[in-house]
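Engineer: Residue-level listing of the chains:
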Amino acid sequence: MATKVIMPKLSPTMEEGQISRWLKKEGDKVSMGEPLAEIDTDKATMEMQALGNGVLRKILIGEGQSAPLGQLIAVIGEPDEDIAAVLSEAPAQPQVQEQKETDVPPKVPDVAQPQLQEQKETNSPPPVPDVAPANGRQPQTSGSGRMIVSPLAARMAAEAGIDLRSLQGSGPGGRIIKRDIEAVISKPKAAPAPSYVQQAGASAYRDEPASQIRQTIAKRLVTSLGPVPHFFLTTEIEMDRAAEMRKGINALDPDLKISINDIIIKVAAAALIQHPQVNASYQEKVVRYYEHADVGVAVAIEDGLITPVVRAADQKSLSQIAAEVRELAERARSKRLKPEEYTGATFSVSNLGMFGIDEFTAVINPPEGAILAIGAMSAKPVVRENEIVIRQMMRVTMSCDHRVIDGATGAKFLQTFKKILENPLYLVV
Amino acid sequence: MAIITIREALNQALREELARDEKVFLMGEEVAEYDGAYKVTKGLLHEFGNKRVIDTPITELGFAGLGVGAAMAGLRPVVEFMTFNFSILATDQIINSAAKMLYMSGGQFNIPIVFRGPSGSAFQVSSQHSQALESWYAYFPGLKVVMPSTPADAKGLLKSAIRDDDPVIFMEQERMYGQKGEVPDDPDFTIPLGVADVKREGTDVTIVARSLTVPLALKAAEQLQEQGVSCEVIDPRTIRPLDIDTIIASVKKTNRVVIAEESHPICGVGAEISAEIMERAFDYLDAPVKRVSGVDVPMPYAKNLENLAIPDVNRIVAAVREVAYLD
Chain X
2 MATKVIMPKL
12 SPTMEEGQIS
22 RWLKKEGDKV
32 SMGEPLAEID
42 TDKATMEMQA
52 LGNGVLRKIL
62 IGEGQSAPLG
72 QLIAVIGEPD
82 EDIAAVLSEA
92 PAQPQVQEQK
102 ETDVPPKVPD
112 VAQPQLQEQK
122 ETNSPPPVPD
132 VAPANGRQPQ
142 TSGSGRMIVS
152 PLAARMAAEA
162 GIDLRSLQGS
172 GPGGRIIKRD
182 IEAVISKPKA
192 APAPSYVQQA
202 GASAYRDEPA
212 SQIRQTIAKR
222 LVTSLGPVPH
232 FFLTTEIEMD
242 RAAEMRKGIN
252 ALDPDLKISI
262 NDIIIKVAAA
272 ALIQHPQVNA
282 SYQEKVVRYY
292 EHADVGVAVA
302 IEDGLITPVV
312 RAADQKSLSQ
322 IAAEVRELAE
332 RARSKRLKPE
342 EYTGATFSVS
352 NLGMFGIDEF
362 TAVINPPEGA
372 ILAIGAMSAK
382 PVVRENEIVI
392 RQMMRVTMSC
402 DHRVIDGATG
412 AKFLQTFKKI
422 LENPLYLVV
Chain S
29 MAIITIREAL
39 NQALREELAR
49 DEKVFLMGEE
59 VAEYDGAYKV
69 TKGLLHEFGN
79 KRVIDTPITE
89 LGFAGLGVGA
99 AMAGLRPVVE
109 FMTFNFSILA
119 TDQIINSAAK
129 MLYMSGGQFN
139 IPIVFRGPSG
149 SAFQVSSQHS
159 QALESWYAYF
169 PGLKVVMPST
179 PADAKGLLKS
189 AIRDDDPVIF
199 MEQERMYGQK
209 GEVPDDPDFT
219 IPLGVADVKR
229 EGTDVTIVAR
239 SLTVPLALKA
249 AEQLQEQGVS
259 CEVIDPRTIR
269 PLDIDTIIAS
279 VKKTNRVVIA
289 EESHPICGVG
299 AEISAEIMER
309 AFDYLDAPVK
319 RVSGVDVPMP
329 YAKNLENLAI
339 PDVNRIVAAV
349 REVAYLD
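If you read the sequences in order, they're chains X and S.
For what it's worth, my numbering labels the leading residue of the first sequence as 2, then goes sequentially.
For what it's worth, my numbering labels the leading residue of the second sequence as 29, then goes sequentially.
Derived by calculation from the structure, the hints in this document are not laboratory data.
Don't take each hint at face value.
To be verified - Calculated Cβ distances over 12 Å to all of chain X for the following chain S residues:
1) 66
2) 93
3) 98
4) 134
5) 191
6) 208
7) 216
8) 227
9) 230
10) 283
11) 324
What the hints assert, rightly or not - Here are some chain S residues pointing at chain X (derived, C-beta under 7 Å):
12) 310
13) 312
14) 313
15) 314
16) 353
17) 355
For every residue, glycine included, the Cβ atom is placed at its ideal position computed from N, Cα and C.
Just chain X, with the same shape it has in the complex (with noise of 0.2 Å):
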């Protein structure tokens, strides 16, 4: 019996996936927990598993194209078994065919010189409809044309990762051969210059397909500014013992490379464990209390960014945060973190202080409680026991949601916050 492959939720805040790479292609033998395709979420790649054995009859949704969950994107059966019915759950062709106009970059869009672009409109097939794959592998018949690739071309394109359906064949009939491949992969990976659409009396601009991580990051945060009712403290904190100990530790042991910001982390978390109504999240009805400070560090990505998760960072030492927060980082750069490993902070850091940056005020992100934004550090006058001196300081702005901390509240946990890091002895006391 056929086995409706959909598109499954592959992290919590998830609405629809891409498919980023099928890691099997129609006519393959497919059996149960077998990796079957690559999906973007809005967060991160993730490997999608077989649900059934057989055959990987049909690819509904081709590669680089987008489906809501739910949807019918395969269909995995026997060989020789009739598909058809549950096919025709899948959604209308041109649907899926406006959808990936719309959401979809152009991939290799730099062969279109105009003589060649002329010579598709009159040599070549139609569009090719919905179902082919963006590896060329299997280069799909199209009602009155199909298209024409040599097998070793079809093989350097799946390998350099090319949509076939870019090209334009200069061989035969329009066959795609070796040096049409070769003229895209020898091509620089510059991007295509950006074209701007002019108006007048008005600046020109250009339209790019939002990423699915930028449309997540959009769709949290206007339910967090809007609905949750923010409100901001700043203080300043003198930060030379804390620099102090930052160089003392890692004069003991350059490898452990501890941060300011892995500092601030600690800091953070045993401030929270002091302060219990601050380490907390409103929920409909109830106040939520968390037992350990899971702290959010926000990440900046490619095209968006993330906020990893260090765990209880409250129990861990300053060299655990340090390693965990590389590794964190590391993978959150190149899209690889786990949906648990990205979800369910009980508080957030943020530190802008590396581009220069002051002070500012972060946005929280539901449902957190409160986010801690953390400016530069820098030398500054200031005055101690009627004297003018220098001293390190660093100024940060704490954004919390009225609905569990009221003002005192969260003054207080600022204050327990600079007292611990402006003397971070209070760590081992």
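Knowing the structure of chain X, use the given hints to seat chain S on it.
Structural biologist: Just chain S now, kept in the frame of chain X:
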């Protein structure tokens, strides 16, 4: 190294093997008193006597069978067909006796025999005397089929064929007997059967050629080099066993193949090589394998038509340009 003709190289090989092993003897029409129809056996009767170099009546089936019997009895006959066109009369002995004896005797009788002579076209000898028969003999398990294209290959391969314990069909080319080339002087110089030779290295197109088409392919390669196309020319030298590995390795490098052969295209050796390439290197092909074969007609007698029926340099050049997508 001496520069000699293919005719002389074959003569040297026969002489050296007659001298080396007294079990070796020659037999055929006009091989003794007349020195061979094409003078390949020149001087051998005089040198080795009439027990080792024997003229036969015009009885191909008879002396082929006599040779098989002599081989079963422990001798190593070298049987000359004046041309392989006459071997057609002897096919029952070649195919049913020589090729199958080892198998059907349960391994008791090796047949260390060589059937040799010119095959393919000559000059205006018309339909019945211009046939390239290698695919006939290569078809049968139990036979080895050798086709040299240079003096050195002719000598080294004939010596290996005579020393081989199985029946070998050794096909020369009448048009090539006078072709000259360097041949090593070493009396123990041999070339193993079943090993192809890369006659010219190149990167863009592989030309697989044998016998008559090897010099044509090399000339084509020179012309193509001037046109900016680098050709690799491979001579399998032995059709069975076929050194397909060397061909496949070349195809994986060049991605395009032309097979040049004198024989008819249908069920020919080129068809076999093409199938092997498709089975073993499909994903490396950038163009369909292209054959340049003898035209699919009985060989015409008229000179102009004969020329059109045999592959030439221009047809090979055109085929290479086609698979390289140049036209």
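Engineer: Against this structure, judge whether each hint is valid.
Structural biologist: Results for each hint:
1. Its beta-carbon lying about 45 Å from the closest one in chain X, residue 66(S) satisfies the requirement of being farther than 12 Å from that chain.
2. Its beta-carbon lying about 49 Å from the closest one in chain X, residue 93(S) satisfies the requirement of being farther than 12 Å from that chain.
3. A cut-off of 12 Å between C-beta atoms confirms that residue 98(S) is not in contact with chain X; the least separation is 51 Å.
4. Under the 12 Å C-beta cut-off, the non-interface status given to residue 134(S) relative to chain X holds; the minimum distance is some 44 Å.
5. Interface exclusion of residue 191(S) from chain X stands, the closest Cβ pair being 42 Å apart, more than 12 Å.
6. The beta carbon of residue 208(S) is kept farther than 12 Å from every beta carbon of chain X, the shortest such distance being approximately 39 Å.
7. Even its closest Cβ contact with chain X, about 43 Å, leaves residue 216(S) beyond 12 Å, as expected for a residue assigned away from the interface.
8. No Cβ of chain X comes within 12 Å of the Cβ of residue 227(S); the nearest lies about 24 Å off, and the non-interface call holds.
9. The Cβ of residue 230(S) lies farther than 12 Å from every Cβ of chain X, with a closest approach of about 16 Å, so its non-interface assignment holds.
10. Consistency note on residue 283(S): stated as away from chain X, yet its beta-carbon is not over 12 Å from all of that chain's, at 5 Å minimum.
11. Listed as outside the interface, residue 324(S) is consistent with that label: its C-beta sits roughly 24 Å from the nearest C-beta of chain X, beyond the 12 Å cut-off.
12. Checking residue 310(S) against chain X: minimum C-beta separation of about 5 Å stays under 7 Å; hint holds.
13. Using the Cβ-Cβ criterion of 7 Å, the hint placing residue 312(S) at the interface with chain X is satisfied: the shortest such distance is roughly 5 Å.
14. The criterion of a C-beta within 7 Å of any C-beta in chain X is met by residue 313(S), whose closest approach is roughly 5 Å, and the hint holds.
15. Because the smallest distance between the Cβ of residue 314(S) and any Cβ of chain X comes to about 4 Å, under 7 Å, the interface hint for this residue holds.
16. Evaluation of the residue 353(S) hint against chain X yields a held restraint, the C-beta minimum of about 5 Å falling below 7 Å.
17. Proximity of residue 355(S) to chain X is violated relative to the hint, the smallest CB-CB distance being about 10 Å (cut-off 7 Å).
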